[in-house]
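Residue numbers (the UniProt record's numbering), protein chains in the order written: chain A, 1 to 338; chain B, 1 to 338.
In short, the hints are calculated from the structure, not lab data.
It is possible that part of the hints are untrue.
Given that identical chains are not distinguished, each listed pair holds provided it fits within a single copy or across any two copies.
Unchecked claim - Below 30 angstroms or equal to it, Euclidean Cα-Cα: the simulated DSS-like pairs (lysine-lysine) are:
#1 K5 - K201
#2 K201 - K256
#3 K207 - K256
#4 K25 - K207
#5 K107 - K256
There are 2 protein chains.
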Amino acid sequence: MTEQKNKQILLVSRPQGMPSENNFKLVEGPLSIPQEGEMLVRILYVSVDPYMRGRMNDAKSYVPPYPLNEVVNSGVVGQVVESRTSEFQTGDIVSGYLGWQTYAVAKPRQVKKVDVSLAPMTTALGVLGMPGLTAYFGLLDIGRPSQGETLVVSGAAGAVGMIVGQIGKIMGCRVVGIAGSDRKKEYLINELGFDAVINYKTAANLKNDLKEACPGGVDIYFDNVGSGISDAVLSLLNFQARIPLCGQIALYNLEKPDIGPRIQTQLLINSALMKGFIVGNYADRFHEAMPQLAQWIKDGRLKYKESIVEGFENIPKAFLGLFTGENLGKQLVKVSDL
Amino acid sequence: MTEQKNKQILLVSRPQGMPSENNFKLVEGPLSIPQEGEMLVRILYVSVDPYMRGRMNDAKSYVPPYPLNEVVNSGVVGQVVESRTSEFQTGDIVSGYLGWQTYAVAKPRQVKKVDVSLAPMTTALGVLGMPGLTAYFGLLDIGRPSQGETLVVSGAAGAVGMIVGQIGKIMGCRVVGIAGSDRKKEYLINELGFDAVINYKTAANLKNDLKEACPGGVDIYFDNVGSGISDAVLSLLNFQARIPLCGQIALYNLEKPDIGPRIQTQLLINSALMKGFIVGNYADRFHEAMPQLAQWIKDGRLKYKESIVEGFENIPKAFLGLFTGENLGKQLVKVSDL
């Protein structure tokens with residue numbers, strides 16, 4: 001294997017506002033050689049996720065910024081092609097944060113084995129990975145849904161939103177999605193059983209449409225999006241409403257501060273709770289969630305959807321597509337066949 | 001008694017922005033006569049509280065609006081002067097929501113006996129009443145202070161803020177107050193043991209001053225005030241910070257929506273929790289709080305401060321003073337001697 005080249009995509013400049021392909025550079029170089037205790041992984045799929053935009057800024061966030069002129073870090077699934085550790089065998093399918101490259105040298109603690117008998121390997125980056133765990137803990141631990149309550153989820157057709165809505169249905173909620181196209185709307189209603197979905201791009205009056213879709217008000221608002229979409233939802237909160245704050249994708253590419261009506265009064269008059277979180281806060285409870293998510297998939301109660309772009313060089317384009325709403329479900333890039 | 005007149009203060013128009021004395025009218029009329037099962041209460045002290053401003057609007061809030069041309073409802077302490085119920089004796093000191101008037105007819109369920117052997121009767125409207133319980137549950141249940149954490153409290157010299165800060169000290173926190181005069185600042189530091197207090201009216205740069213006063217960041221922000229003061233505090237949140245939202249007094253008299261930077265990003269990047277509440281949410285736990293508050297008072301660990309205006313006709317003025325920052329501690333109006 002070692003005569004092969006490694007391709008990498010580097011972050012070469014920090015985006016101002018909406019990123020462009022010019023912020024990234026594809027480079028080719030020699031393959032690194034695994035040392036004793038390491039393994040060489042051929043990457044099969046890479047993940048592109050909205051949170052990565054935050055790491056491209058040189059600013060405090062819940063994760064440190066990406067360094068310039070280094071490989072963009074991200075979740076991947078790959079296959080061990082050379083192992084110098086007894087913990088992994090050549091041929092093992094693994095997942096970990098190995099970045100936008102075609103090969104990576106990894107230590108055992110950087111990856112974990114993917115059980116492909118449980119579900120296809122790509123689910124390790126979606127419903128059985130970070131997005132699925134994010135949906136699970138954000139909704140169940142912060143949202144605390146009860147039978148008969150109304151759950152609104154923004155970014156409903158994204159990797160996380162789609163799972164949130166379905167777990168909401170399993171918990172007996174009325175589930176209302178907010179998404180950005182009629183194709184997404186139809187998918188969520190017809191395939192995933194959402195009770196109503198509002199296309200915010202074509203809504204004449206988002207607040208009125210939401211009011212109609214939530215005749216009993218809003219008990220839980222799982223927020224992936226922020227901005228004016230959230231203002232509309234927050235005006236419909238019920239007493240003791242819960243708002244898991246998962247993302248604010250509408251803001252990630254803003255060049256000016258996001259100004260709007262301050263929300264504290266809405267929270268105050270409704271005794272409502274809002275809580276930001278990242279999935280890492282729940283790392284010691286992942287073992288609870290994984291079997292439950294897998295069981296729901298097996299029972300046909302939880303469906304997952306992936307948008308897969310082919311070709312290593314298309315990673316930046318797939319990443320940019322997250323901000324123009326092109327993906328339905330989890331966006332992945334297929335880098336290599338197994 | 002019944003040959004005496006009753007004085008009442010009515011809400012006769014809804015304030016637009018800052019209320020004025022013209023929104024109220026003092027009227028005199030005959031005393032009502034208690035029926036079988038009722039009692040006549042001579043009111044000794046009435047309470048004026050910031051939350052009452054919200055009830056003067058004709059808008060949804062956590063309590064229904066005050067009806068026009070009726071007595072302004074509020075907490076009071078009074079003495080039973082005629083009892084036609086076996087549950088209360090003539091001479092009993094009672095507290096309840098009997099409103100801005102000199103006499104009231106009350107049913108037993110509207111009032112409770114004040115144990116004047118425990119503390120002076122006025123504390124039933126302050127540290128052993130609604131403000132004390134608000135501070136207790138908001139800080140302990142939502143704020144969840146730990147030894148060594150930093151607690152910031154806005155409206156620190158008000159009835160609630162003052163108690164919040166002292167309970168914070170009892171819990172081992174570094175306590176930083178925000179208040180509106182140097183007199184308040186000195187009182188909080190010298191008499192109540194706050195670690196630092198910032199006079200937001202004279203601060204050249206509130207955020208810088210806060211940063212200096214909170215070198216370890218902010219773990220808990222107990223918010224009575226809102227607006228730009230909160231923006232400054234929220235910029236200093238630590239990971240997993242908690243923000244009990246108790247009031248937004250800076251906003252109560254605004255005539256336009258309160259616009260500012262949306263706060264969700266601050267909550268998201270810090271996995272922070274913000275929760276609105278009203279003391280009534282904890283009604284089934286008041287019995288836990290009362291003996292603890294009384295014990296802290298007895299031990300000298302919890303001090304209370306009252307600002308008492310004399311004279312029934314001065315009630316509206318005392319109420320208006322809440323919004324210009326005139327009160328230090330709990331604002332009361334003494335209506336009658338015992």
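Is it within a copy, between copies, both, or neither that the alpha carbon of K25 lies no farther than 30 angstroms from that of K207?
-> Neither way: K25 and K207 sit 42 angstroms apart in one copy and 39 angstroms across, limit 30 angstroms.
Is it within, between, both, or neither for K5 and K201, if the alpha carbons may be no more than 30 angstroms apart?
-> So K5 and K201 fail the 30 angstroms test inside a copy (44 angstroms) and across (64 angstroms) alike.
Since the copies are identical, ignore which copy is meant and state whether K207 and K256 lie within 30 angstroms (CA to CA) inside a copy, between copies, both or neither.
-> Both. Shortest intra-copy (25 angstroms) and inter-copy (20 angstroms) distances satisfy the 30 angstroms Cα cut-off.
Which holds for K107 with K256 at a C-alpha limit of 30 angstroms: within a copy, between copies, both or neither?
-> neither (41 angstroms within a copy, 58 angstroms between copies)
Is the C-alpha distance from K201 to K256 at most 30 angstroms within one copy, between copies, in both cases, or in neither?
-> Both. Shortest intra-copy (22 angstroms) and inter-copy (28 angstroms) distances satisfy the 30 angstroms Cα cut-off.
In this structure, the earlier hints numbered 1, 4 and 5 are contradicted, and the remaining ones agree with it.
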